[in-house]
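Kindly generate the complete structure, drawing on both the sequences and the hints.
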Amino acid sequence: MTKANADQAAPAGLMGDFGKLVEQFKLPGVDLGAVLEARREDLQALAAANRSALEDMQALGRKQAEMLQSAMQELQTLAQQLSSSGAAAPTLAVQQVLQRTFASMRELAEVASKSQTDAFARMAERVQQNLQEVKTLLQPKP
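According to this note's numbering, the stretch in the sequence shown is residues 9 to 150, in order.
If you're looking for bench data, these hints aren't it; they were derived computationally from the structure.
Note that beta-carbon positions come from the ideal geometry of N, C-alpha and C, so glycine has one too.
Treat the hints with care, since some could be wrong.
Simulated DEER-style distance windows between Cβ atoms [unchecked claim]:
id: 1; residue 1: F110; residue 2: A87; range: 15 to 23 Å
id: 2; residue 1: K143; residue 2: R108; range: 47 to 55 Å
id: 3; residue 1: L100; residue 2: Q52; range: 26 to 34 Å
id: 4; residue 1: L68; residue 2: Q137; range: 22 to 30 Å
id: 5; residue 1: M80; residue 2: L100; range: 13 to 21 Å
Listed below in structure tokens is the structure:
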């Protein structure tokens, strides 16, 4: 079984087990199918948010590695230039490297913030859907 199939099978199996349990306690006026579908959608929303968070964290890690590699290359080049020129005060060059590095760090913070905002928005949307589903389920059936 592939990882994708296993990821899909786990919530499906859980929902099947939950469905069997709930069937034992049939409640009048409760649409069991709708309840189970809502919980399945909850699990899907949570899985999607987790996938998104993982992808965002991986992108953040790649960006950090790129930043580190770039800063190290710049500093190595700067050190070589300073040693060949015999300059004693490399203040401006170091300051420029640090400014670029801080700009990159600010960019990373923005990426992380956007990732968190997106994940929160997905979950908030699902909460709103849940509230609407509960309202619908609680309405008397004709």
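Checked hints:
no. : hint                     : result
1   : F110 to A87: 15 to 23 Å  : holds, 20 Å
2   : K143 to R108: 47 to 55 Å : holds, 53 Å
3   : L100 to Q52: 26 to 34 Å  : violated, 54 Å
4   : L68 to Q137: 22 to 30 Å  : holds, 29 Å
5   : M80 to L100: 13 to 21 Å  : holds, 19 Å
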